[in-house]
Amino acid sequence: MRYAYYPGCSLEKTQRGYDESVREVFKALGQELVEIEDWNCCGATVYMSVKETVSLAVSARNLALAETMGLDVLAPCSSCYTVLSKTNRILNQIPEMHKDVNEALAEGGLSYSGKTRVRHPLDILMNDIGIETIRARLRRNLGGLKIAPYYGCQIVRPDKGFDDREDPVLLDRMFRACGGEPVYFPMKVRCCGGMLMTTFEETALKLNMELLQCASANGADVIVTTCPLCHFNLEAYQDRINDVFGTTLTMPILYFTQLLGIALGLPAKSIGLDSLFNPPGDKITSFVETPYA
Amino acid sequence: MAHSTYSLPGLMTRSEAELRQSFLKQVELIPAGEHIKRCIQCGTCTGSCPVSYAMDISPRQLIALFRAGEMETIMKSRTIWICASCYACTTRCPSGIKITDIVYALKRTAMENERKSNAPQVQLLAKLFVSNLMSYGRLHEGTLIRKYYMKTRILKLFGFIPLARKLYRTKRLALFPKRIKAYASLSRIIAKAQELEMRAAPEPLPYSPEYVGYKGLGDLKLEPRKGE
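Chain order of the listed sequences is X and F. So in numbering that gives the first Met the number 0, spot 87 of the first sequence is number 86, and the numbers just go up one at a time. So in numbering that gives the first Met the number 0, spot 136 of the second sequence is number 135, and the numbers just go up one at a time.
FYI, nobody ran anything at the bench for these hints, they're computed from the structure. Keep in mind that the hints are not guaranteed to be accurate.
Keeping only pairs whose Cα atoms sit at most 27 Å apart, straight-line, the calculated DSSO-like set for lysine-lysine is [what the hints assert, rightly or not]:
| hint | chain 1 | residue 1 | chain 2 | residue 2 |
| --- | --- | --- | --- | --- |
| 1 | X | Lys282 | F | Lys170 |
| 2 | F | Lys170 | F | Lys146 |
| 3 | F | Lys170 | X | Lys98 |
| 4 | F | Lys150 | X | Lys12 |
| 5 | F | Lys177 | X | Lys268 |
| 6 | F | Lys126 | X | Lys26 |
| 7 | F | Lys115 | F | Lys170 |
| 8 | F | Lys180 | X | Lys205 |
| 9 | X | Lys282 | F | Lys165 |
| 10 | X | Lys114 | X | Lys26 |
| 11 | X | Lys12 | F | Lys24 |
| 12 | F | Lys24 | F | Lys75 |
| 13 | F | Lys24 | X | Lys98 |
| 14 | F | Lys36 | X | Lys159 |
| 15 | F | Lys126 | F | Lys146 |
| 16 | F | Lys115 | F | Lys126 |
| 17 | X | Lys12 | F | Lys126 |
| 18 | F | Lys115 | F | Lys24 |
| 19 | F | Lys115 | F | Lys165 |
| 20 | X | Lys12 | F | Lys180 |
| 21 | X | Lys205 | F | Lys177 |
| 22 | F | Lys180 | F | Lys146 |
| 23 | X | Lys114 | F | Lys126 |
| 24 | F | Lys165 | F | Lys146 |
| 25 | X | Lys268 | F | Lys165 |
| 26 | F | Lys36 | X | Lys205 |
| 27 | X | Lys268 | F | Lys170 |
| 28 | F | Lys126 | F | Lys155 |
| 29 | F | Lys170 | X | Lys12 |
| 30 | F | Lys165 | X | Lys12 |
| 31 | F | Lys180 | F | Lys155 |
| 32 | F | Lys115 | X | Lys12 |
| 33 | F | Lys75 | F | Lys150 |
| 34 | F | Lys126 | X | Lys205 |
| 35 | F | Lys155 | F | Lys115 |
| 36 | X | Lys205 | F | Lys24 |
| 37 | X | Lys205 | F | Lys150 |
| 38 | X | Lys268 | X | Lys282 |
| 39 | F | Lys177 | X | Lys12 |
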């Protein structure tokens, strides 16, 4: 299958590990990603707080561009995924808004029907490509690796989407198939605070401390993430959390596509393992260094 | 809880009636927004919220205050600005109220009517985010963070040096913002959408002290809740 790839702003540079691993994993599984030409920022969760019509028009420009390509959109960032999906939902349910947004898009020579599907890589990997195809392509067994699967909030909520909203299981299934061992992680859909790390730092630090502690107390060797904001909060603020709360956390944080990439035998550098702040730990390093079976 | 000094139970000031109108207009644009009428004050939203402990008014109280006409109290609260939109409340509400979207509508009402909250830093971040997007078409995180701390806690910027170095070492630091090629076209789209947004602004209703409860939501359809 071909997909219109929408990396989003954070994947361009600060979260290049996600971008690189999504591209490589999809390539390895025989899928083709075509980046949407000259895409713009989706507005994230922030623009919606300021102006509704403008925020929808900004986000719909990307969907309109994808529509000309005739492909479904692949959006790995949870925030982009939720914003683009929400744009679809509002445009399809509120006709006046659809009309206004199209009137705005016309200024840029575009129009949008509201029909482009927005997909998350986890959905495509598990529901379209399927676990059997992935299993057949595995090169390494993640035997013994204990994984805390962190879904975050915005890929499973608010709508009934591709996985359960309270207890999603697709990441668990994916890594069990790779030989890994998902640990009990009851905070798998708890919010990381997102942008609160900038505006209400204490609150966000507490949320992330709880997530890290929960994973660590349940014996996880690694937390896998699906969202650049969750990833950044958990990764870049661990030192600060240790300072503030007196913890001694050194939890490796990997994108789920990076860990899947390891299981698929992809070279470490190609999936951005050189972009991690925390060393991935002996266990994961040993998988990377193990020659292909 | 902070109360506006001039509020009387069951009565609204003119400014509150106008705020309410402005908010109701926003609610009309939320799919299933009218479900706000079905609130049973059970508090599931508050119990599900990961940050309700840090709020001055709980999510359940937000709806009670709206019903009581206390719009100014809501506008001043930090509650609407600390919501990180994780949708836990929306998912669990037994009445199908789109609470997160309602909070977004309250944020927009506060921004449009220029109400200052006691969490002004969030409004600042939102404004800087929008201006960043409008300048380049894509978000440049470095510029956003720099501008934000220059206006809030400038010394804190020095605290970011180790982080910036880590980002640089791992080739994750974008030093300069880049504009998208179709910048001019995007600007025209934004300008037009802004014009349409203005047109959609509500006409304030004549002041009426009885304008509380769910009045004004009357012409919204309340459809039976679809099984989920």
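Against the structure, the hints come out as follows:
Straight-line distance between C-alpha atoms of X:Lys282 and F:Lys170 comes to about 24 Å, which keeps the hinted pair within the 27 Å bound. For the hint linking F:Lys170 to F:Lys146, the alpha-carbon distance of about 22 Å falls within 27 Å, and the restraint holds. Distance check on the hinted pair: F:Lys170 and X:Lys98 sit about 43 Å apart at the alpha-carbon level, beyond 27 Å; violated. With a C-alpha separation of about 25 Å, the suggested pairing of F:Lys150 with X:Lys12 holds against the 27 Å cut-off.
At most 27 Å may separate the alpha-carbon atoms for a hinted pair to count; F:Lys177 and X:Lys268 meet this at roughly 26 Å. For the suggested pair F:Lys126 and X:Lys26, the alpha carbons sit about 39 Å apart, so the restraint of at most 27 Å is broken. Restraint check: the Cα-Cα separation between F:Lys115 and F:Lys170 comes to about 40 Å, which exceeds 27 Å; the hinted pair is violated. Restraint check for F:Lys180 and X:Lys205: not satisfied, since their Cα atoms lie roughly 41 Å apart, outside the 27 Å limit.
A C-alpha spacing of about 23 Å is found between X:Lys282 and F:Lys165, which places the hinted pair at or below 27 Å, so the restraint holds. Among the hinted pairs, X:Lys114 with X:Lys26 is consistent with the structure: their alpha-carbon atoms are about 26 Å apart, no more than 27 Å. Of the supplied pair hints, the one linking X:Lys12 and F:Lys24 is violated, its CA atoms being roughly 39 Å apart against a limit of 27 Å. For the proposed pair F:Lys24 and F:Lys75, the alpha carbon gap of about 20 Å is at most 27 Å, so the pair holds.
With a C-alpha separation of about 17 Å, the suggested pair F:Lys24 and X:Lys98 falls inside the 27 Å cut-off, and the hint holds. For the given pair, F:Lys36 sits about 22 Å from X:Lys159 by alpha-carbon distance, which is consistent with the 27 Å threshold. Taken as a hint, the F:Lys126 and F:Lys146 pair is honoured in the structure, with Cα atoms around 11 Å apart against an allowance of 27 Å. Of the pairs offered as hints, the one joining F:Lys115 and F:Lys126 holds, with about 13 Å between alpha carbons and a cut-off of 27 Å not exceeded.
Taken as a hint, the X:Lys12 and F:Lys126 pair is honoured in the structure, with Cα atoms around 23 Å apart against an allowance of 27 Å. A hinted pair counts as satisfied when its Cα atoms are at most 27 Å apart, and F:Lys115 with F:Lys24 qualifies at roughly 20 Å. Between F:Lys115 and F:Lys165 the alpha-carbon distance is near 37 Å, which puts this suggested pair outside the 27 Å criterion. Taking the CA atoms of X:Lys12 and F:Lys180, the gap is about 18 Å. The hint holds against a cut of 27 Å.
Among the hinted pairs, X:Lys205 with F:Lys177 is inconsistent with the structure: their alpha-carbon atoms are about 34 Å apart, more than 27 Å. Straight-line distance between C-alpha atoms of F:Lys180 and F:Lys146 comes to about 24 Å, which keeps the hinted pair within the 27 Å bound. For the given pair, X:Lys114 sits about 31 Å from F:Lys126 by alpha-carbon distance, which is inconsistent with the 27 Å threshold. Taken as a hint, the F:Lys165 and F:Lys146 pair is honoured in the structure, with Cα atoms around 20 Å apart against an allowance of 27 Å.
A hinted pair counts as satisfied when its Cα atoms are at most 27 Å apart, and X:Lys268 with F:Lys165 qualifies at roughly 17 Å. Between F:Lys36 and X:Lys205 the alpha-carbon distance is near 34 Å, which puts this suggested pair outside the 27 Å criterion. A hinted pair counts as satisfied when its Cα atoms are at most 27 Å apart, and X:Lys268 with F:Lys170 qualifies at roughly 12 Å. The suggested pairing of F:Lys126 with F:Lys155 holds, with an alpha-carbon distance near 20 Å, which does not exceed 27 Å.
Restraint check: the Cα-Cα separation between F:Lys170 and X:Lys12 comes to about 8 Å, which is no more than 27 Å; the hinted pair holds. The straight-line distance between the Cα atoms of F:Lys165 and X:Lys12 is roughly 13 Å, inside the 27 Å bound, and the hint therefore holds. A C-alpha spacing of about 34 Å is found between F:Lys180 and F:Lys155, which places the hinted pair above 27 Å, so the restraint is violated. A distance of roughly 35 Å separates the Cα atoms of F:Lys115 and X:Lys12; the hinted pair therefore is violated under the 27 Å criterion.
Annotation: proposed proximity of F:Lys75 to F:Lys150 holds, straight-line Cα distance about 21 Å (limit 27 Å). A C-alpha spacing of about 26 Å is found between F:Lys126 and X:Lys205, which places the hinted pair at or below 27 Å, so the restraint holds. About 24 Å separates the Cα atoms of F:Lys155 and F:Lys115, which keeps this hinted pair within 27 Å; it holds. Taken as a hint, the X:Lys205 and F:Lys24 pair is broken in the structure, with Cα atoms around 36 Å apart against an allowance of 27 Å.
Pair hint X:Lys205 plus F:Lys150 holds up; C-alpha atoms about 25 Å apart against a cutoff of 27 Å. Distance restraint check for X:Lys268 and X:Lys282: the Cα-Cα separation of roughly 17 Å lies within the 27 Å cut-off, and the hinted pair is therefore satisfied. This hinted pair checks out: F:Lys177 and X:Lys12 have alpha carbons roughly 12 Å apart, not beyond 27 Å.
When the structure is compared with the earlier hints, violations turn up for hints 3, 6, 7, 8, 11, 19, 21, 23, 26, 31, 32, 36 and for no others.
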